[in-house]
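Those protein sequences? They're chains A and B, same order as listed. For any residue, its number in our numbering is found by taking its place in the first sequence, counting from 1, and adding 1. For any residue, its number in our numbering is found by taking its place in the second sequence, counting from 1, and adding 14.
Any given hint could turn out to be false.
[Claimed, not checked] Restraint ranges, calculated between C-beta atoms of paired labels, are given here:
{"#": "1", "chain 1": "B", "residue 1": "Asn144", "chain 2": "A", "residue 2": "Pro188", "range": "47 to 55 Å"}
{"#": "2", "chain 1": "A", "residue 1": "Lys364", "chain 2": "B", "residue 2": "Trp157", "range": "20 to 28 Å"}
{"#": "3", "chain 1": "A", "residue 1": "Gly420", "chain 2": "B", "residue 2": "Asn144", "range": "26 to 34 Å"}
{"#": "4", "chain 1": "A", "residue 1": "Ala320", "chain 2": "B", "residue 2": "Lys33", "range": "37 to 45 Å"}
{"#": "5", "chain 1": "A", "residue 1": "Glu436", "chain 2": "B", "residue 2": "Tyr22", "range": "40 to 48 Å"}
{"#": "6", "chain 1": "B", "residue 1": "Glu114", "chain 2": "A", "residue 2": "Val448", "range": "33 to 41 Å"}
{"#": "7", "chain 1": "A", "residue 1": "Glu167", "chain 2": "B", "residue 2": "Glu67", "range": "44 to 52 Å"}
{"#": "8", "chain 1": "A", "residue 1": "Glu402", "chain 2": "B", "residue 2": "Ile159", "range": "21 to 29 Å"}
{"#": "9", "chain 1": "A", "residue 1": "Glu61", "chain 2": "B", "residue 2": "Glu114", "range": "37 to 45 Å"}
{"#": "10", "chain 1": "B", "residue 1": "Glu67", "chain 2": "A", "residue 2": "Pro153", "range": "52 to 60 Å"}
{"#": "11", "chain 1": "B", "residue 1": "Gln158", "chain 2": "A", "residue 2": "Gly420", "range": "33 to 41 Å"}
[Unchecked claim] Each computed DSS-like pair below joins lysine-lysine, with the alpha-carbon atoms no more than 30 Å apart:
{"#": "12", "chain 1": "B", "residue 1": "Lys30", "chain 2": "B", "residue 2": "Lys43"}
{"#": "13", "chain 1": "B", "residue 1": "Lys146", "chain 2": "A", "residue 2": "Lys440"}
{"#": "14", "chain 1": "A", "residue 1": "Lys64", "chain 2": "B", "residue 2": "Lys43"}
{"#": "15", "chain 1": "B", "residue 1": "Lys43", "chain 2": "B", "residue 2": "Lys83"}
{"#": "16", "chain 1": "A", "residue 1": "Lys364", "chain 2": "B", "residue 2": "Lys62"}
{"#": "17", "chain 1": "B", "residue 1": "Lys108", "chain 2": "A", "residue 2": "Lys64"}
These aren't lab readings, by the way, just hints derived from the structure by calculation. Idealized CB from N, CA, C, for every residue including glycine.
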Amino acid sequence: MKKFSRPRYQFGFHDRTGYKNRTRAGLDSQVVEQISDRKKEPEWMRKKRLAALSVFEKKEMPKWGVDLSEIDPTRTIFYAKPTDKDSRSWDEVPEGIKKTFERIGVPQAEREYLAGVKAQYESEVIYGSLKNELESRGVIFESMDSGLAKYPELVREYFGKLVPMEDNKFAALNGAVWSGGSLVYIPKGVKVGMPLSAYFRMNLARMGQFERTLIVADEGSFVHYIEGCTAPIYTTDSLHAAVVEIFVKKGARVRYTTLQNWSTNVINLVTKRARVEEEGVMEWVDGNLGSKKTMKYPGNILAGRKARGDILSIAVAGAGQHLDTGGKFIHLAPETSASMISRSVSFGGGRTSFRGLVDEGPKAFNSKTKVRCDALILDRMSRSDTYPVLRVSGRGTVEHEATVSRIGEEQLFYLQSRGIGGTEAQGMIVNGFIEPIVKEIPVEYAVELSRLINLEMEGAGDE
Amino acid sequence: MSKKLKIYNLKFIIKKGKKRVINLSAGKKYLVRLTERGAEVMINCKIKAKEKEAVSVDCDVVHEAARTKAIICLKGVARDAARIKISGKVMVNKGAIKSEDLLEERLLLIGNTAGGEAEPVLEIEEDEVNIKHAASIGQVDDWQIFYLGTRGISMKSAVKLLMESFLDNGQRE
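Take the sequences, apply the hints, and build the full model.
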């Protein structure tokens, strides 16, 4: 009988930071107004927040998916801010925070590869840099808070249009207490060669993060946005409820890469949605490794002729984890196409669930969808589920395929005969299993991912 | 996890080493339990719907013991403004090692207004298993109709032929 256990969380450290501004635990209109006041927001945003709060209070907890009964809003701190102002250069970043970033490798990533890093520490973006080149081409890459101050018209035009606060309970929660996140605008025809990256990090027990990201890619533009996160480990539960809205205009292409490695006490509830216009392409690359519980289903609304949506998704669930991930495609126009590849691995009592929706409406003539989801279960304590819904009304086609299996004895035997034994072989097979998705991730993240998987397998032990 | 209470129209229990073939009929909810080692089942379903009919079939298969095997093939053809919904669910309980299952759901839509929905659900609590599912929703291939047309077969009977072959193909006896 094999036993898998998770090694000590690698990034499970935290440093002391003076939290100058933070709200008290709990949520009511006073807290929401306090957040809005501190951010010096326009009146319409304040009203939006209060309206979202009343929606949040009215809506019931979702009864499907992961078990959310442990969430207690009265014990959650909804807003905290480590430093007072946005800092532009690396030198200005406070020493303690810098140290944390260095240990998770932000500076390297920034220097070597990335065009601009928005590092989110706590609820607010405290560090950001944007290459002059991008600025001169009219690209906007701001934290959502300063974006709202600088470009209120842009934010007002798109904010909450794709994920309205009535959408679900946690979208409403985010609407009420959001802070941080990114605002990205790519002008017509501009192709951003280097990926834009944001690093998220939480550093206070029982603190929720509610970032809000808005990406608008104007006609014929291209952008690759990367979001990656690591967080220190704590005993009390943290809540993360983000909302991401992406508008892909005619002929534009957006790629959104997520590498999620929350520590295993975080409840991660994310609403991500994209609206794709004529001949636009939306690509999601979604890696879910950490968190205690995750519910995340990137949505694609294919609204224009020949619009395309792609989702590549990985979930790796170890002991005590339940990752409920998947994707949605809603075809509203003719000749739209979509594809989804999902690979999930569960071990040590972990549970992965795939939940997918494909809806090809009566106007979606000759639209096509292909869904492929494979699951690997490493031991008897683990579990895997698949819940797809496929719906066609009219002239569309959908294909769906799935397999669930364990690591093949032959594969292990073969590797053993080559002198690669036990955990190393398992790590190799798991890495091979998720390879089709990993190869789409920028190289340094792929390296990190593969390292993390090997690390998790190390704790697995031999038979 | 909260389990929805479902009311079944028909229940089957398949015992040790037994093999059974079950043909499903439309509009019903089935529960098939493979309760003892080596139980095997083949489940077939053919549904036709036309005009404004809305037809559904629902079948849950539970593997409760080791080395149980199920082959489930659910097919439907919808034409005019008909809608077909096929739900299949395969559950593998703890202890049902070396169980095998293939859940197949195929829907053919004829015309521009027919609709279909497929839900192939898997819930697996055991690692040493071989479970697959496949689902597709699609139209009659225009090239096949064209080919039959060149052989002097009218459009109407070509569609009929393709429909029949679609339903018969892959059904096991």
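Going through the hints against the structure:
{"no.": "1", "hint": "B:Asn144 / A:Pro188: 47 to 55 Å", "verdict": "52 Å, holds"}
{"no.": "2", "hint": "A:Lys364 / B:Trp157: 20 to 28 Å", "verdict": "25 Å, holds"}
{"no.": "3", "hint": "A:Gly420 / B:Asn144: 26 to 34 Å", "verdict": "29 Å, holds"}
{"no.": "4", "hint": "A:Ala320 / B:Lys33: 37 to 45 Å", "verdict": "39 Å, holds"}
{"no.": "5", "hint": "A:Glu436 / B:Tyr22: 40 to 48 Å", "verdict": "42 Å, holds"}
{"no.": "6", "hint": "B:Glu114 / A:Val448: 33 to 41 Å", "verdict": "38 Å, holds"}
{"no.": "7", "hint": "A:Glu167 / B:Glu67: 44 to 52 Å", "verdict": "34 Å, violated"}
{"no.": "8", "hint": "A:Glu402 / B:Ile159: 21 to 29 Å", "verdict": "26 Å, holds"}
{"no.": "9", "hint": "A:Glu61 / B:Glu114: 37 to 45 Å", "verdict": "40 Å, holds"}
{"no.": "10", "hint": "B:Glu67 / A:Pro153: 52 to 60 Å", "verdict": "53 Å, holds"}
{"no.": "11", "hint": "B:Gln158 / A:Gly420: 33 to 41 Å", "verdict": "53 Å, violated"}
{"no.": "12", "hint": "B:Lys30 / B:Lys43", "verdict": "24 Å, holds"}
{"no.": "13", "hint": "B:Lys146 / A:Lys440", "verdict": "25 Å, holds"}
{"no.": "14", "hint": "A:Lys64 / B:Lys43", "verdict": "23 Å, holds"}
{"no.": "15", "hint": "B:Lys43 / B:Lys83", "verdict": "20 Å, holds"}
{"no.": "16", "hint": "A:Lys364 / B:Lys62", "verdict": "24 Å, holds"}
{"no.": "17", "hint": "B:Lys108 / A:Lys64", "verdict": "24 Å, holds"}
In terms of the numbered hints stated before, the structure departs from hints 7, 11, listed from lowest to highest.
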